[in-house]
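Colleague: Chains as they are written, first to last, in the numbering used here: chain S, 110 to 368; chain V, 73 to 294.
Please note: incorrect hints may appear among the correct ones.
Stated by the list, open to error - With a Cα cut of at most 25 Å, we get these calculated BS3-like pairs of lysine-lysine: (1) V:Lys258 <-> V:Lys176; (2) V:Lys138 <-> S:Lys148; (3) V:Lys174 <-> S:Lys148; (4) V:Lys176 <-> S:Lys148; (5) V:Lys215 <-> S:Lys142; (6) V:Lys215 <-> V:Lys258; (7) V:Lys258 <-> V:Lys92; (8) V:Lys258 <-> S:Lys142.
Rather than coming from a laboratory, the hints here were simulated on the basis of the structure.
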Amino acid sequence: MIQIINIQHIGKNILNSLETQKDSYRMFHNAMKNITVLKNPSIRSVLYRQIYFTGIEALNKIVLLGTLIGIIIITQVKNIVGSNAVLTGKILVWTMLREVGPLFAAIIIIARSCTAIAAELGSMKVNREMDSLRVMGINPFFYLIIPRIAGITIAVFILTFYFQVSAIIGGLVLSSLLVDIPFFQHVASIFSVLSFFEIGISFLKSAIFGLVISTVSCYHGFGVQASITEIPQATIKAVMQSLFIVFIFNGIITLISFL
Amino acid sequence: MITLEDVATEEFGSIWIEIKEGSLCKIITQSEHEKQSFLDTILAFKKPAKGRVLLFDVDIYAANEKALNEVFHRIGMVWKDGGLISNLKVWENIVLPVWYHKGKLPDDAEQKVADLFQEMGIDKSRLLKIMGILPGLLPAYEKKLICMVRSMLMEPDLMIYDAIFEGINIEMAERLTKLTTQFHTKKPGRTSVYISSDEKSLHHLHTNLAFIQQGEGFIIWS
């Protein structure tokens, strides 16, 4: 009889996946424990560079995408609720601040930076650049991993904020043009539904997403051993696992916030 | 300074080597692979099956991370392929260890770097051109020179030169011999180790101490 579902194989995969999560968490814990190494100016320069590459260089794309998403949401909302400014504002704030904003920013960073980091670290490992660092008395984990985790987390924070602002502004401008409600009335409706809770949820999500993306991509890049063929495998694993964990955390935080 | 006591690896059966502080010596292996294995063993990358490796009297395979970093801090390693960090520009590569360990660059760092490159025969216009680019674009011998300058800037107690005379012309080899032997004497107690699998490339280097691989071990040759 052909065995369609191989229980042993599935079980092994689950155990491997749990082991990976455990190792990633250990890396994250180690990074947090040694976060003070960022006081070292040479390590801080890696942090600034990471913020620049992940945060600043992606800014124009994030703003453009945010504006387009805002326009799409407003168009859909207008078709459903008509000229109800308060409800439009409420839906825009809820979707943008709570859900779409942090999630979209995270997805863009996963697509853009997660692959770059895993590939960069992987090739450094294959080319023995990490060995070279070690012989210089430089701890590769301190120099390469900690500033990347911190830098990406800060970048996700910044990009999420810009994404949300551009989406809300883009959406408002379009709705002012399409619907017979003045722009400032829309703005007032937004502020009437905006609360610290919504902003807090957005901050919490972007912080967690940033930490997840950075840790997972660094973990897989750092885990490359000696073969160049491991690099594409590491980038694929980094992207898929980041997406998976980000969606899980998004679901959990959303569920908890509505309880 | 460097002591290998009955060290056995996949490639070597039993290595007994002692290089005392202040020595200038050469180590010649039978093949590139064995040379790499030897380097990996003395740089704590490849734990031997048996025996002890001591650098500055520290057993590097028994030492903790902090002690090992302190040992490495005293070593200047000139890699055959340069060992440069690919995402850092040449200048950033050169000053990285000094910047990391001291927190800031010494005032005379630029001058020291310029002087060293001048002694290597690199003219000022070429120097200015390469400082701002990534090392991946440079020829192999220039990467090696940059690595040498980076190591020398740290004023290490132990310099290890991996195949530095390979792939360069006679004039450059003479310049590097002069530069490295002068650098050896600049600091009292400094030890210099030249390692290669090509005996001819180290032939011109005058020293009383040399280890040549014979079978699975090394013999002292003078």
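Colleague: With reference to the structure, classify each hint as holding or not holding.
Modeller: Tested hints:
1. V:Lys258 <-> V:Lys176: 23 Å, holds
2. V:Lys138 <-> S:Lys148: With a Cα-Cα distance of about 18 Å, the restraint between Lys138 (chain V) and Lys148 (chain S) holds, given a limit of 25 Å.
3. V:Lys174 <-> S:Lys148: 12 Å, holds
4. V:Lys176 <-> S:Lys148: Given pair Lys176 (chain V), Lys148 (chain S) holds - Cα atoms ~12 Å apart, limit 25 Å.
5. V:Lys215 <-> S:Lys142: 36 Å, violated
6. V:Lys215 <-> V:Lys258: Status holds; Cα separation ~24 Å.
7. V:Lys258 <-> V:Lys92: 17 Å, holds
8. V:Lys258 <-> S:Lys142: Given that 25 Å is the threshold and the Cα spacing comes to 41 Å, the pair is violated.
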